[in-house]
Amino acid sequence: MKASMYFNYTSRSLLRGGLRTLLAVFCVAVGVMAIVALQLVGSMLQNSLTSSTRDTNGGDIAVTAQSVPFKASDLSYFEQLKSEGAITNYTAVMSANGSLSPVASPGTSGPLSPVASSSQSFSVNAVDPNNYPVVSPPTFVTPSYGSVSNLLTRNQVIITQQLSTTFHHKVGDIVTVYIKTQAGSGQTLHVTIAGVVADSGVFAQSGNLMLISAHDEQAAAPSTPASYSTVYVTTANQAQTDAVVKAINQHFPLASTQTVAGALQAQQSSIDLISKFLEIAGLLALLIGGVGIVNTMQVLLSRRKTEIAMLKTTGYRRVDLYVLFGLEAGLLGMVGGIIGAAAATGVSSIVRILMQNLGLTVPFQLNPWTIAGGVAIGLVTALIFGLIPIVQAANIRPLNVIRDLSESRGASSIALTIALLVVLSVLFCALAIVILKNDVVLGIAAVYGAFAFLLVLSVFFGLVVFVVSKLPVPEHFDLRYLALILVGMAASVLLYLVLPVFGILLFAASLVGIVIVLVPRTWKVSTKMALRNIGRQRTRTTTTMLALFITASLADRR
Amino acid sequence: MHTTVPPETGQAQSTERTVVMDVLNITKNLPLGRERIEILKGISFQIRSGEFVSIVGPSGSGKSTLLGIIAGLDNPTTGQVLIDGVDITRMSEGKLAAVRNSEIGMVFQAFNLIPTLTAQENVEVPLYVGKHKGSPSARAQELLALVGLTHRLDHRPNQLSGGEQQRVAIARALATDPAFVIADEPTGNLDARNGENVLELIAQLRTQTGKTFIIATHDPVVASHADRTIRIVDGKITEIEHSNGSFT
Ligand SMILES: Nc1ncnc2c1ncn2[C@@H]1O[C@H](COP(=O)(O)OP(=O)(O)OP(=O)(O)O)[C@@H](O)[C@H]1O
Ligand SMILES: [Mg+2]
Chain A
1 MKASMYFNYT SRSLLRGGLR TLLAVFCVAV GVMAIVALQL VGSMLQNSLT
51 SSTRDTNGGD IAVTAQSVPF KASDLSYFEQ LKSEGAITNY TAVMSANGSL
101 SPVASPGTSG PLSPVASSSQ SFSVNAVDPN NYPVVSPPTF VTPSYGSVSN
151 LLTRNQVIIT QQLSTTFHHK VGDIVTVYIK TQAGSGQTLH VTIAGVVADS
201 GVFAQSGNLM LISAHDEQAA APSTPASYST VYVTTANQAQ TDAVVKAINQ
251 HFPLASTQTV AGALQAQQSS IDLISKFLEI AGLLALLIGG VGIVNTMQVL
301 LSRRKTEIAM LKTTGYRRVD LYVLFGLEAG LLGMVGGIIG AAAATGVSSI
351 VRILMQNLGL TVPFQLNPWT IAGGVAIGLV TALIFGLIPI VQAANIRPLN
401 VIRDLSESRG ASSIALTIAL LVVLSVLFCA LAIVILKNDV VLGIAAVYGA
451 FAFLLVLSVF FGLVVFVVSK LPVPEHFDLR YLALILVGMA ASVLLYLVLP
501 VFGILLFAAS LVGIVIVLVP RTWKVSTKMA LRNIGRQRTR TTTTMLALFI
551 TASLADRR
Chain B
559 MHTTVPPETG QAQSTERTVV MDVLNITKNL PLGRERIEIL KGISFQIRSG
609 EFVSIVGPSG SGKSTLLGII AGLDNPTTGQ VLIDGVDITR MSEGKLAAVR
659 NSEIGMVFQA FNLIPTLTAQ ENVEVPLYVG KHKGSPSARA QELLALVGLT
709 HRLDHRPNQL SGGEQQRVAI ARALATDPAF VIADEPTGNL DARNGENVLE
759 LIAQLRTQTG KTFIIATHDP VVASHADRTI RIVDGKITEI EHSNGSFT
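Residue numbers (this note's numbering), protein chains in the order written: chain A, 1 to 558; chain B, 559 to 806.
Hints in this document: simulated from the structure, not taken from any laboratory. A couple of the hints might just be wrong.
Think about it this way: if two alpha-carbon atoms lie no more than 30 Å apart in a straight line, the pair counts; the simulated BS3-like pairs of lysine-lysine are [said to hold, decoys possible]:
no.: 1; chain 1: B; residue 1: LYS653; chain 2: B; residue 2: LYS691
no.: 2; chain 1: A; residue 1: LYS2; chain 2: B; residue 2: LYS689
no.: 3; chain 1: A; residue 1: LYS82; chain 2: A; residue 2: LYS71
no.: 4; chain 1: A; residue 1: LYS180; chain 2: A; residue 2: LYS71
no.: 5; chain 1: A; residue 1: LYS305; chain 2: A; residue 2: LYS524
no.: 6; chain 1: A; residue 1: LYS2; chain 2: B; residue 2: LYS653
no.: 7; chain 1: A; residue 1: LYS470; chain 2: B; residue 2: LYS691
no.: 8; chain 1: A; residue 1: LYS305; chain 2: A; residue 2: LYS528
no.: 9; chain 1: B; residue 1: LYS653; chain 2: B; residue 2: LYS689
no.: 10; chain 1: A; residue 1: LYS2; chain 2: B; residue 2: LYS691
no.: 11; chain 1: A; residue 1: LYS470; chain 2: A; residue 2: LYS437
no.: 12; chain 1: A; residue 1: LYS437; chain 2: A; residue 2: LYS276
no.: 13; chain 1: A; residue 1: LYS82; chain 2: A; residue 2: LYS246
no.: 14; chain 1: A; residue 1: LYS71; chain 2: A; residue 2: LYS246
no.: 15; chain 1: B; residue 1: LYS653; chain 2: A; residue 2: LYS305
Since the model is a prediction, treat every value here as computed from it, not as a measurement.
Hey, can you work out the whole structure from these sequences and the hints?
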């Protein structure tokens, strides 16, 4: 009964708010969207990296020879591990540097001309076509159903997409490659490009890479003994990995091992940094949305001054009004949260498509908790930022029903606003810490940093509003007024040297000061009215300017 | 509780009826620039149960200010307002809200209905705070029937004429069955005919409910309906006229 009445009153008041209500909903939605979208993007990044790290690592363990490459005889150790069942599989890769001869003319079989810059060199991996890679097979761009074992036959090579783009070579091209191994021996090969693989999975971090068959490489230089730079090993489980890593390290003290967990750890800190950054960006958007809520709710509620005074006249206490207006803010926040979360889902699926186009496999999860969390964030934000306008509105004196009293500016109301700001900042800080997954220090730093910035801005705007509201509108020129205009112009010139835009604005304002004396009386009266109105609603005007300024500067940045 | 004596028979015995409101030497000062202006300069009077008192005086004499103080919307600078012997000028917010809710119904020149609520919901508004028996909607319908608006229950204020809006406002003022109905220029925004209708309604309600009516007005017709007329000039009472012709 009472609840339905409260709900009716609340929802209709919001509908009646029209554009202003829409603006408030928009503020919440943008903040929520930023947070949720950035969180989704962050977790997608995390997921894609975790699932692909094994592929990128090339195996559960990558054993890399540091100074002395592995010889064919060294591989027997891995063969033994495999036969013992200590590992499931392994493959050895020979690495070399390659460069292309600009023209594959039959006469020149030597190395490239010295003009060739380093950007034209790339990596060449000689692999065993029947046993590479030991992780998920690569994705072929062309031919779409290609496989390593089918394509890496007699003098055919596979290149990464990046290499294909860099050197403008496509499947079917015949190229002359000069290959130089670490050991120092060089050889020239005439090869056909048989396949192009996507820069993902095992090739995610390969860059410009050409795969050739180890057999072909050996055939080109039969005198040089085979030397492998890396052996990729797969195991059945983590326990096996741990045990084998120890054994390998003992057997090859000069080689280094990289496990998936190790590789992840190295990337994890940078992922953490990125997702923290994204979350803070989202929080700032939410904070700015919050300023919008403060402003729009102030306007919405102050339009209903008489109505609120009437409620008090019929016996409503402050607490009753907190409930009524809290409901209003909550409804705003919920609608904004739902819209924001929905928009965020859209945005993150766009990001997903973009990431996939970049070759990253992104497992997309639409977590219902993320959406629920977004709605909750919207609700909580609206309530936190609604606090100031709600308390101010509930303080409206019932006497307003008889005559329109201007907003009180006593010491107590200033103290109240400051106290409310403190409460607001603490609550928002708590919200920020929750969003930042309990990173207290970062939460406090981000929120209070932003608050300090907003405070400085609003003090500035408050001063401007104060000065503007006190501007005289004289009937004719007198000495004091002329002096004021001259001071204004002089100040505008000085300001121009530091902040050109503001200098021009102040100069324009001074000019308006001259013009205003000459305009008809009715104009003067309306100007005076406008100025006095600004003076009556200083806080409101200040928050409006703040909100406008932030929106404008954000739009500017884009 | 204040309805023991029918008002028709009350005039002659008005001195015997209980004093329900005692206004004691009210003053009101407000700062204006550097000075303080005195709006009310010591106002005292008593109101007895079931009386219809009008407050008249030139514009700016302080009528609305006085009504605001006796209705508990504003505090006097000095002085007291006793309702049933209890001073309402120094009450806590909660208690004063309870007094406003259960003891006082108010009607204004500008109606002050809540624009987003229907006529019926507007009348229900005071019933959702404080303790009230029965269903608010039944009570609202009953009161709207009393003011002759049964056919307008679901209309919003902007779908009602001025006279109809004022009747809704009167029904709202009666919703919690208060002892006092305090009205500030209730006919001020109405044309002569509608004003007369509202006035008749007030007179009729007074007979039916026996409530105490205090009405500030410029309208001599309103004043002529009153048992007593308190005249204020420049913040002071200049005369109290009884409808039987005697002056104080
Ligand atoms: N907040 C205020 N600030 C300055 N002056 C005020 C304030 N409130 C009331 N006054 C002054 O007090 C005087 C009495 O006002 P009030 O509204 O009580 O008069 P009134 O008798 O109701 O007039 P009317 O019949 O025109 O409604 C007026 O001169 C008014 O200017
Ligand atoms: Mg008045």
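Going through the numbered hints above, which ones does this structure break? Give me the numbers in ascending order. The structure conflicts with hints 7, 11, although it agrees with all the remaining ones.
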